[in-house]
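Visitor: What follows is the residue order along each chain.
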Amino acid sequence: MSSETSGVGVGADDAEMKRGPLGRWVDKAIKNPDRVYRAMFYVATVFFLVTTLFPFYWLLVLALTPNRLITNMGLLPKGFQPEVFITMFERVPFHLFMFNSFVLGITTTVIVLLIASLAGYVFGRLRFPGKGILMLGILAISYFPPAAFLIPLFELFTGNTALSIGAVTISSPDLFNTPAPMVLPFSALFLPLSIFILTTFYGQIPDGLEDAARVEGTTRLGALFRVIVPLSAPGVATAGVLTFIAVYNEFFFSFLMNNGEASSWAPIVAGILKYQGQFDTPFNLMAAASIVGVLPVAVLVIIAQERIVSGLTAGALKE
Amino acid sequence: MATEQQSGEAVSDSRRTGPYASAVNWMETLTETQFAYLLLAPALILLGVIAVYPLVQTFSMSLFADQLTGSARLGEFVGLQNYIDLFTGARDFALPSAFLPTFTTQFPFVTDIYSSALMVTLIFTLFSVLFETLIGFGQALILDQDFRGRRWVRVAIIIPWAVPIVIQGMIFFLMFQPNIGFLIGTSDNPALLNQLGLIGTTPLRDTADALFLIIVADVWKTSAFMALLILAGMQSIDRSLYDVAKVAGASRWQQFKLITFPLILPTVLVAMLFRTIDAMRVYGIIETMAGCQTVPSLSCLVVTTFNAPLYGTSATVAFVTAGIIAVVVSVYIVNFASEGI
Chain V
9 MSSETSGVGV
19 GADDAEMKRG
29 PLGRWVDKAI
39 KNPDRVYRAM
49 FYVATVFFLV
59 TTLFPFYWLL
69 VLALTPNRLI
79 TNMGLLPKGF
89 QPEVFITMFE
99 RVPFHLFMFN
109 SFVLGITTTV
119 IVLLIASLAG
129 YVFGRLRFPG
139 KGILMLGILA
149 ISYFPPAAFL
159 IPLFELFTGN
169 TALSIGAVTI
179 SSPDLFNTPA
189 PMVLPFSALF
199 LPLSIFILTT
209 FYGQIPDGLE
219 DAARVEGTTR
229 LGALFRVIVP
239 LSAPGVATAG
249 VLTFIAVYNE
259 FFFSFLMNNG
269 EASSWAPIVA
279 GILKYQGQFD
289 TPFNLMAAAS
299 IVGVLPVAVL
309 VIIAQERIVS
319 GLTAGALKE
Chain H
8 MATEQQSGEA
18 VSDSRRTGPY
28 ASAVNWMETL
38 TETQFAYLLL
48 APALILLGVI
58 AVYPLVQTFS
68 MSLFADQLTG
78 SARLGEFVGL
88 QNYIDLFTGA
98 RDFALPSAFL
108 PTFTTQFPFV
118 TDIYSSALMV
128 TLIFTLFSVL
138 FETLIGFGQA
148 LILDQDFRGR
158 RWVRVAIIIP
168 WAVPIVIQGM
178 IFFLMFQPNI
188 GFLIGTSDNP
198 ALLNQLGLIG
208 TTPLRDTADA
218 LFLIIVADVW
228 KTSAFMALLI
238 LAGMQSIDRS
248 LYDVAKVAGA
258 SRWQQFKLIT
268 FPLILPTVLV
278 AMLFRTIDAM
288 RVYGIIETMA
298 GCQTVPSLSC
308 LVVTTFNAPL
318 YGTSATVAFV
328 TAGIIAVVVS
338 VYIVNFASEG
348 I
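Chains as they are written, first to last, in my numbering: chain V, 9 to 327; chain H, 8 to 348.
Some hints could be false.
As the list claims (entries may be wrong) - Quick list of in silico lysine-lysine cross-link-like pairs, DSS-like style, CA-CA up to 27 Å: (1) H:K264 with H:K253; (2) H:K253 with V:K39; (3) V:K139 with H:K264; (4) H:K264 with V:K36; (5) H:K253 with V:K139.
By construction, these hints were calculated from the structure, which means they are not laboratory data.
With the rest of the complex left out, here is chain V (with noise of 0.2 Å):
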């Protein structure tokens, strides 16, 4: 930690700093508050280290303790039980629910990415009467709360929406327990930040370069999707990084829109809570299931935090 001190530089007149008892660290400090801001610094990255990591290290710990041992823990786990990450998939099929989960967020990524970028091409290359109002009223769809949709959509997808015409009467299929009722509402959520996000990058691409692709005998389309899409790779990594994020994390649907089983489609909320509800609350394997459960978006994070970043800034503040 020390010698880090010495070698980080914040400002550019630390170079002649050297380390020392407290009486002169502080005799400095005073000449140069410099010094105090980079311990502020230091004291500052560190809490926010503990804090943010600590809640990782407590599911460890409870994890490998005992389930009967666990009680008045400590820092330390008590014992050693690394079985607990074959036990847990043994109680609750979790790795299905997981293969739910990958399945619906792959699923929507597409199916988003596609319609997002269509959405994007317009808006960030074409000009069109209503442009402004559509993309305001697109931006106003995502402030509502998913409660709101709940009912109607739930009806829809359990096949009690009826649509008259004439004499003839169409029932909605019942989707219920398939992925649809989940895909669908988690594609409508999660449209409208991609959409912005590929706004933004197709915009930038300049004009001649789709010019020289039309004039070459491309398509409009195949001009979009040759031409524009592949110079927006970035763009694009990150929108579809950000949407199976999304929609890994989801609640609301996710939980509501199926029955909790694996066989149902159910993602991994409800595989969570299915080792809530075991009748011996076993601590120790909802603390593995959950460490399980975060590795993937742990995994992504740490490969496409570039993206991320990016992503969430310019689909954000671009709006």
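On the provided structure of chain V, position chain H as indicated by the hints.
Guide: Then chain H, alone, in the frame of chain V:
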């Protein structure tokens, strides 16, 4: 397929035949406006069916009475009676908790705030957004510095944002279970937080304590989101302003007060707007940590009445929730406009 694509690029499209080619040719003849609306059609249809239609339908359902028996979902048309009952408290018997608090003539003019869904939601929103902004600001100030290991500090700070809500709830459920950790003990054996007198020994069963812990959980997860947005604002500030300030002898605090803060204020306000909208919908974390009986938020009321099933009441609460969010959004937007941001 592959050969067709290759020749497709070489040969002009008009020579191809078949439905695909004729669709392509038709698309080429459209005006820019027609083409724009054609490409927007999938997005508009999806949002129309999944968002606009349900919203209109929710409003129309809120004009009908609940139907407790029989196969029909809704009772007779009652106009705005559901809304009147909700705001006068006449509907509270059907709800897991009251909608409004009890008003009194004595200071602070309201009682039972923790049994009112509206107050619980507003308290949650106010405190979580406030602390997320402050902590996010602190995190952004750190991430704005250049130091070794910055990449990993940034990952560590972002990760809570990516944790699924259900796991976030589970983590805090496990941290604040009585008697399993060092934070919460039992009444015979009080632990750290009990001895400090902060919260009781069954915090997830007590509305005030559970609300406090849910705010803590939300701040833990979502401060990173604020930090990223504020950081983006900071990094778009022209660095030469700081050089000028240094030459002019401004201290770090003065640099912060006179350059950083005013320039990122618009960003912070936008970020707060997003968080406010999000916080007012709070549901998942409550359901996993404490349950809707203990901490009734507005979304909780919607789901509980929907499950009852009291569709008329549920639709009314849902539409009122959307309306409250719309009011909050307008307040922010009016403020933006008046400050000229």
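Visitor: Now, for every hint given, state plainly whether the structure supports it.
Guide: Hints versus structure:
1. Taking the CA atoms of K264 (chain H) and K253 (chain H), the gap is about 14 Å. The hint holds against a cut of 27 Å.
2. For the given pair, K253 (chain H) sits about 17 Å from K39 (chain V) by alpha-carbon distance, which is consistent with the 27 Å threshold.
3. Between K139 (chain V) and K264 (chain H) the CA atoms are separated by roughly 39 Å; this puts the pair beyond 27 Å, and the hint is violated.
4. Only pairs whose Cα atoms come within 27 Å are accepted, and K264 (chain H) paired with K36 (chain V) is accepted, the gap being roughly 25 Å.
5. Between the alpha carbons of K253 (chain H) and K139 (chain V) the distance comes to roughly 45 Å, so the proposed pair goes past 27 Å and is violated.
Going down the numbered hints, you'll see the structure goes against 3, 5, while the others check out.
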